[in-house]
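First to last, the protein sequences are chains A and B.
For the first sequence, the numbering used here assigns the number -13 to the initial residue and increments by one for each residue that follows.
For the second sequence, the numbering used here assigns the number 111 to the initial residue and increments by one for each residue that follows.
No lab work stands behind these hints: they were computed from the structure.
Ideal Cβ placement from N, Cα and C applies to all residues, glycine included.
All the pointers check out, no bait thrown in.
Computed, partial: chain B to chain A, Cβ under 8 Å: (1) 155; (2) 168; (3) 200; (4) 207.
Pulled from the structure, derived: some chain B residues nowhere near chain A, Cβ distances all over 10 Å: (5) 117; (6) 123; (7) 138; (8) 171; (9) 183.
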Amino acid sequence: GDSVTQMEGPVTLSEEAFLTINCTYTATGYPSLFWYVQYPGEGLQLLLKATKADDKGSNKGFEATYRKETTSFHLEKGSVQVSDSAVYFCALIPISNDYKLSFGAGTTVTVRA
Amino acid sequence: DAGVTQSPTHLIKTRGQHVTLRCSPISGHKSVSWYQQVLGQGPQFIFQYYEKEERGRGNFPDRFSARQFPNYSSELNVNALLLGDSALYLCASSRRGEWADTQYFGPGTRLTVL
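Input sequences plus hints: build the corresponding full structure.
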């Protein structure tokens, strides 16, 4: 079935370091792809999304590009801050199902000052 | 504007009991979805409701049921609780429950089954 695989954590970085979290997907056709973030003590928030191949989603300095050739949607940020410490989830909605989000296992990111 | 609200925040039950979790969507949103998030894993889809009709169901046993009310709020019911039902239960609302809509998540209800 449709699924998402994201890199395992935890990831620990220093402030101003470059962050990459890998995400690959398996799906029929071209799903919509999402990154959600869960800050400590808070609910899931949509970080960015892309709905077709080659689309780039961006928000709060984070970017991810929908790569059909490699079935990937890697999350990147050029200079992280302590406030970026959170759990990041890659997710998809399959083309055959326009409401069910399928999530990866999540990647815990800790940024140290 | 108020976000998605869920009640209760925490709940402790024993095996075999029944539980009801509640969700109020963002004003103007007509679709509510429920997800189960076991510790250390990503959320798993349970149900989606739109305009009081069930639109989708995930791979969960019949012990799980839900409904949506005329004011678009929703309840998730779980019967005959098992230890494995211990999880964070998340509610998400969107305007129409379509792929183009952003799903907004509530803070969740933490259920512990002893």
